[in-house]
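Protein sequences, first through last, are from chains A, B and C. The numbers in our numbering rise by one with no breaks, and the one at position 168 of the first sequence is 168. The numbers in our numbering rise by one with no breaks, and the one at position 301 of the second sequence is 301. The numbers in our numbering rise by one with no breaks, and the one at position 288 of the third sequence is 288.
Treat the hints as calculated values from the structure; they're not laboratory data. A hint or two may mislead.
Mimicking BS3-like on lysine-lysine, the simulated pairs with C-alpha atoms at most 30 Å apart in a straight line are [what the hints assert, rightly or not]:
| hint | chain 1 | residue 1 | chain 2 | residue 2 |
| --- | --- | --- | --- | --- |
| 1 | B | K256 | B | K154 |
| 2 | C | K295 | C | K103 |
| 3 | C | K353 | B | K303 |
| 4 | C | K446 | B | K186 |
| 5 | B | K121 | A | K161 |
| 6 | B | K193 | C | K469 |
| 7 | B | K155 | C | K469 |
| 8 | B | K98 | A | K161 |
| 9 | B | K290 | B | K318 |
| 10 | B | K193 | B | K114 |
| 11 | C | K353 | B | K298 |
| 12 | C | K353 | B | K242 |
| 13 | B | K250 | B | K298 |
| 14 | B | K37 | A | K161 |
| 15 | B | K98 | B | K121 |
| 16 | B | K186 | B | K322 |
| 17 | B | K114 | C | K353 |
| 18 | B | K66 | A | K161 |
| 19 | B | K298 | B | K37 |
| 20 | B | K193 | C | K446 |
| 21 | B | K37 | B | K98 |
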Amino acid sequence: MSDDPNAEVDPALVSTRSVEVVVMALLLCVAVFLGWDNWRIGAGWAPDGPQAGYFPFYLSVLLGGASLVGIASALRSEELRDEIFVGRSAFGRVLRVFIPTILFVLLVQLLGLYVASFVFVSAFMIFIGKLSVWKSILTGLIFSGLMFYIFDMQFNVLLPKGPLEAAFGF
Amino acid sequence: MFESLVSKRAAVLAACLSGLALSPAISPAFAAWQPTKPIEIIVPAGAGGASDQMARMMQAAIQNNKLSPTPVVVTLKGGANGGEGLMDMLASAGDPYKMVISNSAIYTLPLANKLPFDWRKLTPISILAFDNFVLWVNANAPYANAQEFLAAVKKEPAGSFKLGGTGSKREDHILAAAVERIAGVKFSYIPYKSGGEAATQLVGDHIKANVNNPSENIAVWRAGQVKALCVFDNEPMNYEAKVTADLSWKDIPTCKSQGVDFQWIMLRGVFLPSGVTPDQVAFYQELLGKLVETTEFKEYLEKQALKPSDLKGEEMVKFLEKDEALYKDLMTQSGFVATN
Amino acid sequence: MEALDSLFHGFGVLLTAHNMMLMLVGICLGILVGVLPGLGGPNGVAILLPLTFTMDPTSAIVLLSCIYWGALFGGAITSILFNIPGEAWSVATTFDGYPMAQKGEAAEALTAAFTASFVGSIVAVMLITFLAPWIASFALRFGPPEFFAVYLLTFCSFVGLGKEARHKIIISLTIGFLLAAVGMDTVSGELRMTFGSIEMLRGFDFLVAVIGLFGISEILLAMEEHLAFKGQEAKIRLSVVWRTWLTLPRYWMTLLRSSAIGCWLGVTPGGAIAASFMGYNLAKRFSRDGAQFGKGKIEGVLAPETAAHAAGTSALLPMLALGIPGSGTAAVLLGGLMVWGLQPGPLLFVEQKDFVWGLIASMYLGNIAGLIIVLATVPLFASVLRVPFATIAPMIIVSCAVGAFAVQNAMFDIWLMLGFGIVGYVFKKIGIPLAPMTLALVLGDKAEDAFRQSMIGLDGGIGIFWSNKLVGTITTLALIMLFWPLIGRAIDMIRGSGHASPASAASSESSRP
Chain A
1 MSDDPNAEVD PALVSTRSVE VVVMALLLCV AVFLGWDNWR IGAGWAPDGP QAGYFPFYLS
61 VLLGGASLVG IASALRSEEL RDEIFVGRSA FGRVLRVFIP TILFVLLVQL LGLYVASFVF
121 VSAFMIFIGK LSVWKSILTG LIFSGLMFYI FDMQFNVLLP KGPLEAAFGF
Chain B
1 MFESLVSKRA AVLAACLSGL ALSPAISPAF AAWQPTKPIE IIVPAGAGGA SDQMARMMQA
61 AIQNNKLSPT PVVVTLKGGA NGGEGLMDML ASAGDPYKMV ISNSAIYTLP LANKLPFDWR
121 KLTPISILAF DNFVLWVNAN APYANAQEFL AAVKKEPAGS FKLGGTGSKR EDHILAAAVE
181 RIAGVKFSYI PYKSGGEAAT QLVGDHIKAN VNNPSENIAV WRAGQVKALC VFDNEPMNYE
241 AKVTADLSWK DIPTCKSQGV DFQWIMLRGV FLPSGVTPDQ VAFYQELLGK LVETTEFKEY
301 LEKQALKPSD LKGEEMVKFL EKDEALYKDL MTQSGFVATN
Chain C
1 MEALDSLFHG FGVLLTAHNM MLMLVGICLG ILVGVLPGLG GPNGVAILLP LTFTMDPTSA
61 IVLLSCIYWG ALFGGAITSI LFNIPGEAWS VATTFDGYPM AQKGEAAEAL TAAFTASFVG
121 SIVAVMLITF LAPWIASFAL RFGPPEFFAV YLLTFCSFVG LGKEARHKII ISLTIGFLLA
181 AVGMDTVSGE LRMTFGSIEM LRGFDFLVAV IGLFGISEIL LAMEEHLAFK GQEAKIRLSV
241 VWRTWLTLPR YWMTLLRSSA IGCWLGVTPG GAIAASFMGY NLAKRFSRDG AQFGKGKIEG
301 VLAPETAAHA AGTSALLPML ALGIPGSGTA AVLLGGLMVW GLQPGPLLFV EQKDFVWGLI
361 ASMYLGNIAG LIIVLATVPL FASVLRVPFA TIAPMIIVSC AVGAFAVQNA MFDIWLMLGF
421 GIVGYVFKKI GIPLAPMTLA LVLGDKAEDA FRQSMIGLDG GIGIFWSNKL VGTITTLALI
481 MLFWPLIGRA IDMIRGSGHA SPASAASSES SRP
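Isolated chain A, as found in the complex (with noise of 0.2 Å):
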């Protein structure tokens, strides 16, 4: 947005062109990939109508298309080299929200959704909000306990638990 006063000021971390061109590639690559897969599997017309590769393969073969235009729209761009796609420290603020995101999924995934969910949104709120430590851990805690409170006392949702929940016996 204009309106960014840091948006003058941030250096930029890589421009448009180069992610336009990088996502385009890629897509190529799962365009030949997919491509190659649905044609093991047969990508024919049988006598009772197409095969089970038949859309899939013609579905890639237009990705592997539009992508290799897209390669070539991109690098012609003058317009998009000088773009920005994001700047150093925008793009500090997107991991500062992301790393701590993935974080939550692994802890979900060894403690359980209800013990991660307390931990992220009280140390989300500590480190990168700044917000007072005690009405962090509190805000968690009371976001935690009626999460369970409503998913699994009060309506039988089986969500992920972990060695805390089954120390109590859930």
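Using the hints, position chains B and C against chain A.
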């Protein structure tokens, strides 16, 4: 309504917390093992289908009659014609809180799709019922019985008769292929996502026949939109109450009597994952034993025209082996077994 | 009139304190379920189903269907305020609802969305009340070719509309189709693109993709700007409601069109999601200033919401009358009917009058009550915007994770959601539109199944799509839609206006916001 659930839940909780060592006070100790958290019924099928309905009925029956000290939860895992649910059971070895209601997908998926699944890697508990298959045609069709129908199919060019069913290379498809061989005819088999879809497509005259289970066609049969020609079993179904204005399930003749000597029934069986203890198996066998005695279950059987079954343990394993061999044989003949 | 008598009978059944209370509880729960991204209508109904086992069927269906109405209403709230669709069918509502909120017209957008939802479902309910038997028999005329033609029409009304470069739209569409094809192929019974992975067996669920593509990516984008949502405060004052309502009659054509589309796609299972997209696209296509769509035009909110609600409501009709569910929620309700001891099908209307007409009456009352409740609770939901970002963002992420998990009880789906979040973030930034992908993901495998089912048999050939009046008409309509830009240009040429049509000008301009 909410309070009642909360209090019930709280009672269970209290019982679990205080009585881990003591014997739980909430239900008589009929088995050495008792569940302490919700039991999950895995349905390897989509919402609203026959397996889902069965699971919901079991959930209601267990809950209303307080057969289990803990609640029962239904989880749908219908991906890949149920392959998802079956593979999940394989991966849940030793978990006594999961039971799966399965049908013949336990044979067809490994054969047709080379899915690395084998029912021997699960713990068979019991077969609750068998489902019949009936040959249905549109109510306006000019055939009065199976012989007339098959004669009409023979007269037309091969493949001009469309016969619909659920899925491809599964029980309906195998049955259709078997009928083709026995009667010397050729259908065009149209696979649909569900039996309900096959039923409405038959009513709308987009297909000429289907081989739905009784429960999948009962609504349109009662409404006089389809005709039942014959049932693929050795004796007629055993329900005498009138379903349509003048017919009961028992009035449908067997296909054997119509010259198509073929029996085709599908199990509705319950399995636990592998590695569960004998105590746990005993708990579930008792639970299901009580379940089949409930009025809910009996009404359900009658409403869906299912064949009752009490196969469990060794007998069940023997049946499964025989049944699997039959599937393998028929699927090989029809070319449904994956080769590559 | 017989239908009216039955309807009054239904109101009689419904108007007990017990049922009215259940109705209100259901609507409030439904709004909550609808607001939380991920926990959709089908989930909400499935979760509460066991509670109803001991109720009598009429009370049970009143409770559950009101959850559904509530969810239909609630889905729009987060779409407009946060650009995060609370429900899959409110994806199209974000297109213009969020820009409206950014312009400071959140209250107008919400009022429009709720009112449109209300109009859509009331039209659908009236249809059910008076034309149920006729519609049920109409639905029976749909075989595979007809279904395919309907899907084709939905796609064709979509193609050629985007401002983005052609190849980017194609990329988005093909990815959607390919994702939809993963898993078991219905027609051949073979597994496709699963690569021996157990997790891939279930294919890609639409809801997981939407949560990631729209929910997670929106949080990443919000973070990139600054530590705040760009959402706007929404205070609904009565005067705003009145003012918005006064402008609505002007859009009667949009409301009518979207209602018709919604009812049609609800009855012939295309579903609320497809209906919302199609409603939006046709409104854009036929609007006098279609180029303004996507920049915060009230029609862009009205059209998808009306269609989604009309479809969501009319989807119950084939479930009741034919036993085939028109939507995910209807499928769950179908399971419920059996447990309550009812047999959906043609005889339900004859044998279970209390149940059927109680349900239909509850559709009227439930929607009126729902409209009042949502309008009244908007300030409450809007106040969420005042909560610090660092508090609300992790909670939204947790709720997204719960939603993604609950679809199939699969941990893998949470990871998948994260993956879709990255894809959504990158695609949004390089101008690959997400809407075609979501539409293709919803309808892709259905369209393919219908096409291939049509091809089976001796009469299988492309000609089958013109084999009778019904399918021929729909197919032809679809082709007209596909070539509409060309037709429009031809009309312009005939009229002698020299300047290029907006469509061609738009495709060449840069697509980034």
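Hint-by-hint comparison with the structure:
{"no.": "1", "hint": "K256/B - K154/B", "in the structure": "19 Å, holds"}
{"no.": "2", "hint": "K295/C - K103/C", "in the structure": "9 Å, holds"}
{"no.": "3", "hint": "K353/C - K303/B", "in the structure": "20 Å, holds"}
{"no.": "4", "hint": "K446/C - K186/B", "in the structure": "27 Å, holds"}
{"no.": "5", "hint": "K121/B - K161/A", "in the structure": "26 Å, holds"}
{"no.": "6", "hint": "K193/B - K469/C", "in the structure": "26 Å, holds"}
{"no.": "7", "hint": "K155/B - K469/C", "in the structure": "29 Å, holds"}
{"no.": "8", "hint": "K98/B - K161/A", "in the structure": "15 Å, holds"}
{"no.": "9", "hint": "K290/B - K318/B", "in the structure": "23 Å, holds"}
{"no.": "10", "hint": "K193/B - K114/B", "in the structure": "21 Å, holds"}
{"no.": "11", "hint": "K353/C - K298/B", "in the structure": "26 Å, holds"}
{"no.": "12", "hint": "K353/C - K242/B", "in the structure": "21 Å, holds"}
{"no.": "13", "hint": "K250/B - K298/B", "in the structure": "17 Å, holds"}
{"no.": "14", "hint": "K37/B - K161/A", "in the structure": "12 Å, holds"}
{"no.": "15", "hint": "K98/B - K121/B", "in the structure": "14 Å, holds"}
{"no.": "16", "hint": "K186/B - K322/B", "in the structure": "28 Å, holds"}
{"no.": "17", "hint": "K114/B - K353/C", "in the structure": "49 Å, violated"}
{"no.": "18", "hint": "K66/B - K161/A", "in the structure": "25 Å, holds"}
{"no.": "19", "hint": "K298/B - K37/B", "in the structure": "27 Å, holds"}
{"no.": "20", "hint": "K193/B - K446/C", "in the structure": "9 Å, holds"}
{"no.": "21", "hint": "K37/B - K98/B", "in the structure": "11 Å, holds"}
Hint check: a violation occurs at hint 17 only; the rest are consistent with the structure.
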